[in-house]
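Novice: Construct the entire structure; sequences and hints are all you get.
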Amino acid sequence: VTCEHARQWLSDLVDERLEGDRYLEVAAHLASCADCRLELDRLRATVGALQGLERPRAPVGFVDRVVQRVRPVPWYRRLHAWLFLPLSVKLPAEAAALVVVAGLAALLWERTPELRDASGPGPTVRSAPSTAAVEPTAPVPSPTSPEPAPAETSDRLRALRALSEERRLSARVPKPEPRASHPEQVASLSPPPETKGAPETMPAPETKATPEAKAAPEVRSERESRDEPTPRPLALPGSPAAKADRSETRARSAQQTVRRMLVPVPPPADLAGRLIVGDRAAAAAAVVDLLARLGGYETGRRQDDSDIVMDVQIPAARFDDFVRGLDGLGAWAASPRPNLLPLDPPQIRLTIRLAG
Amino acid sequence: VREDGPDSEAFLERLRRGDLRAFEELVATYQHRVFGVALRMLDNAAEAEEVAQETFVRAHAGLAEFRGDAKLSTWLYTIVSRLCLNRLASADRAVARPGDEMLLRVADGAAGPQANAERRELEGALYRAIADLPEERRVVVVLRDLEGLAYEEIARVLELELGTVRSRLHRARMDLKDKMERFFA
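Respectively, the protein sequence lines represent chains A and B. Our numbering applies: residue 4 is where the first sequence begins, and numbers increase by one. Our numbering applies: residue 7 is where the second sequence begins, and numbers increase by one.
If you're looking for bench data, these hints aren't it; they were derived computationally from the structure. Treat the hints loosely; a few may be bogus.
Stated by the list, open to error - Calculated from the model, a selection of chain A residues having no Cβ within reach of chain B, i.e. all distances over 10 Å:
no., residue
1, Q11
2, R20
3, A285
4, V326
Said to hold, decoys possible - So the derived label-pair ranges between C-beta atoms look like this:
no., chain 1, residue 1, chain 2, residue 2, range
5, B, G169, A, R72, 33 to 43 Å
6, A, L94, B, A16, 43 to 53 Å
7, A, Q11, B, F189, 21 to 31 Å
8, B, G169, A, K93, 49 to 59 Å
9, A, A37, B, G130, 27 to 37 Å
10, A, R72, B, G74, 17 to 27 Å
11, B, E165, A, A108, 36 to 46 Å
12, A, G64, B, E15, 38 to 48 Å
13, A, A34, B, E15, 25 to 35 Å
14, A, G106, B, R23, 46 to 56 Å
Just so it is clear, the structure is predicted and the values come from calculations on it, not from any experiment. Note that CB positions come from ideal geometry on N, CA and C, so glycine has one too.
Specialist: Set out below in structure tokens:
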């Protein structure tokens, strides 16, 4: 047995775990090897020192702290903790939930027109749809139109003023509507801000009774049809466009309402156009004949400087024939095909300016 | 419950039923053993108490399933040893510098100043030597020479072969002997 071999078993010898032949071998070597005996003595001293070390004691209150950790919490304390204590967690969570709900509400508001209609006027309603809805009622200037811009603007303004008057007159029909009965609300149906600066001396040759008598049934029909979801070119009462207009033009509309009550304007046209002719009076007579042939009729006429402005109504089914007839009388320039009046049969109103 | 006696079945039954008083007795009985292992393994009193508390909390959670195949002390040594080894292996613990926590406990009021100084020096050297051992050897020498567990019990606690326990203990003791040579020359 070598020293190296014997020293491998010194630890077991210290613990008295060596038995049998191995114990005899190691013991025989130790009896003859002073170095290994010294090694064994040092190992025993070390192990003795280890085993003599004082055991550390747990800190005071250790048992109570452990028991406190495992003690079941009463239900009312758990409830209290759930309700009030974790504010550092609950407050951010509640704030995040609030933001999410607000975002969803805004999204729902944006995507649900019914909600916007039901909520009444508000400053957040966009005004862009209003302009888009009203513009088709006015003549669209054609790039090739020879008419100078001021005249076009005058016609457009006149058409818009007529629309406003129609709204005002509709408030006087036997079936009253609370929304239209208030002067300010009637004024809210006035045209968008394009009317700003319109001349107060705008000619209005028609009397108040004439347009009212002729336009009332049509207006009533049109008003009844406004509850239908089909898109219309006009800014309807209760629609987002009308509300936006109301909020933007409220201050101006009151003044314009008073002005319109004093100066009646013809009913609005769905289409306005210009017919360049050599003889305006002869052309006017020809237009009347054309109307008679096609089932239409003249609803009004006025003189604007040297031009004659005719308001006519034609069945929608004969509109194309009417336009061809106008082309035969002169150079006809008009806005695109208008929307139809919801009458039976569908009708189209036109304002024809006979110009030289 | 006696520390060195067999575990009483009645006491185990109380523990399994969730008797808090029985659990309190269990903690009071084994607190110093568990804390001692943790302190000698971690050499940090705060960490040692934290691990010792966690040992008993986990034991409480598993008492209902404790079958009594092993002694309660063996079960507790198993838990605390694993918790210590896991903590020592964690990245956070790697930067912790072992302190001199155990040196605070070596003073003996009954001995004279000279003897106290020599004993303090010896035990301080021993603690430092223990702390310098590799963890797998340290835990074996702590369980054997400081806690007095048998080889077989150590093998069970650490889930090692008996030969592995023996060889690790031998190497650990030889390392300590070499470092303590100046005291025992």
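Novice: For every hint, state whether the structure bears it out.
Specialist: Right, here's what the structure says about each hint:
At roughly 7 Å from the closest C-beta of chain B, the C-beta of Q11 of chain A falls inside 10 Å, breaking its exclusion from the interface. The claim that R20 of chain A is not at the interface with chain B is violated, since a C-beta of that chain comes within 10 Å of its own (minimum 7 Å). Chain B leaves A285 of chain A outside its interface by the beta-carbon criterion, the shortest separation being 103 Å against a cut-off of 10 Å. With a closest Cβ-Cβ approach of about 86 Å to chain B, V326 of chain A is found to remain outside the 10 Å limit, as its non-interface label requires.
Judged by the Cβ atoms, the range 33 to 43 Å given for G169 of chain B and R72 of chain A holds: they are separated by roughly 39 Å. Restraint check, L94 of chain A to A16 of chain B: a C-beta distance of roughly 50 Å satisfies the suggested window 43 to 53 Å. For Q11 of chain A and F189 of chain B, the Cβ-Cβ distance of about 24 Å falls inside the hinted range of 21 to 31 Å, so the restraint holds. For G169 of chain B and K93 of chain A, the Cβ-Cβ distance of about 57 Å falls inside the hinted range of 49 to 59 Å, so the restraint holds.
For A37 of chain A and G130 of chain B, the Cβ-Cβ distance of about 31 Å falls inside the hinted range of 27 to 37 Å, so the restraint holds. For the pair R72 of chain A and G74 of chain B, the beta carbons lie near 24 Å from each other, so the given range of 17 to 27 Å is met. For E165 of chain B and A108 of chain A, the hinted distance range of 36 to 46 Å is not satisfied, since their beta carbons lie about 60 Å from each other. Between G64 of chain A and E15 of chain B the C-beta distance comes to about 31 Å, which lies outside the given range of 38 to 48 Å.
The hinted range of 25 to 35 Å is not satisfied by A34 of chain A and E15 of chain B, whose Cβ atoms lie roughly 50 Å apart. About 53 Å separates the C-beta atoms of G106 of chain A and R23 of chain B, a value consistent with the hinted range of 46 to 56 Å.
The structure is inconsistent with the numbered hints 1, 2, 11, 12, 13, although it conforms to all the rest.
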